[in-house]
Amino acid sequence: MIRDKTILIKNIYYMLSYAFNMLKKQNYEYVSKESFNNIHNLFAAILVKGIGKQVKQGLYRQYINKKENLPLLKGKIDIRGTVKNKVEYKQLLSCNFDELDENNIYNQILKTTAYILINSEYVNNENKNNLKKIMLFFSNVDRIDPFLIKWSNMQYQRNNQSYIMLIGLCRFVIEGMLLNTEKGVYKLANFIDDKSMAQLYEKFVLNYYIKEFPQIKAKSAQIPWALDDDKSNMLPTMTSDIMLTKDDNILIIDTKYYSKNTQVNHNKNTIYSAHLYQIFSYVKNEAAKNKSNVSGMLLYAKTDDVIQAYGDYSMSGNRISARTLDLNQDFEHIETQLKNIVKDFLA
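Numbers -12 to 334, taken from our numbering, label the letters of the sequence shown in order.
The hints are simulated quantities; they were obtained by calculation from the structure and are not laboratory data.
Incorrect hints may appear among the rest.
Cβ-Cβ distance ranges computed for the label pairs, FRET-style [what the hints assert, rightly or not]: (1) Asn127 to Leu79: 20 to 30 Å; (2) Phe267 to Asp292: 22 to 32 Å; (3) Leu60 to Lys204: 13 to 23 Å; (4) Phe84 to Phe267: 27 to 37 Å.
In silico lysine-lysine, DSSO-like type, Cα no more than 27 Å apart, as pairs [claimed, not checked]: (5) Lys190 to Lys206; (6) Lys115 to Lys36; (7) Lys182 to Lys206; (8) Lys20 to Lys40.
For glycine and all other residues, C-beta sits at the position ideal for the given N, C-alpha and C.
Using the sequences and the hints given, assemble the complete structure.
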């Protein structure tokens, strides 16, 4: 197993599997058996398989509004454009119409990301050639500026459900690895930035519990403030990363992915104050409205430091803990750690 920045490349695959669900399907099984020397080849291999499957099913086509000068009416006539044609002695109608087109934002993102990987020094020739072959089917699709993509505008329905994982992975590559260089020239970093890894880490842990523990209610939940009156203006929204509920037990988990998981004060390692205040606030406000047994946990990704965040405390009647999850080990051991959390807090 190849190590890269304290995380096994293979484990990134498993984390993506849970984060995007669809990666575990039979079509991607061969990817999980491969050995990758870097994260770039893992992403390229997944996209080769995923986009290739999409090409066989047919690229998603979306209604795009078009305006063209035509000899016959199509759609609605544009009076101003038609008059202009008459003035210029053109016997054409200016028409506005909607047409199904594969040159839409979804396919543009796939093509743009594929070429970013094709042009990357980190991707091997086999994956580059496979991506190039698939891109032959995207000849009518434009490439776009990846930094201008409005990810929040992406919408999915029955006809493009299969794009959810593909677009999610493209976003992971673009937001987590793409460096801003000269205009039109894009370069990938040698690993994913911590912000994107933190998002993946959070999504992985949540979806792991959703999938593997159906008997437990797992979700990201808002926690209302325990107010003595109704005055809540200017109070920030409290949203837990993960809330696990079983019978009368509730565990609120706040995932943390940082290069260091302890602070040093007077030559002593301690848990970050802000993190403790945050999880304590979550627990106490949830406990104020709920008669269940509410506990809280800071779940850090393990770092290379000798001293790791760890603690188990009873605070004002509630259990507050800090744990580390070692992502740099065989995945079965990661599963064991996650299962032990359930046994310890929700049994």
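>> Please list, smallest to largest, the hint numbers that this structure does not respect.
In response: 3 and 4
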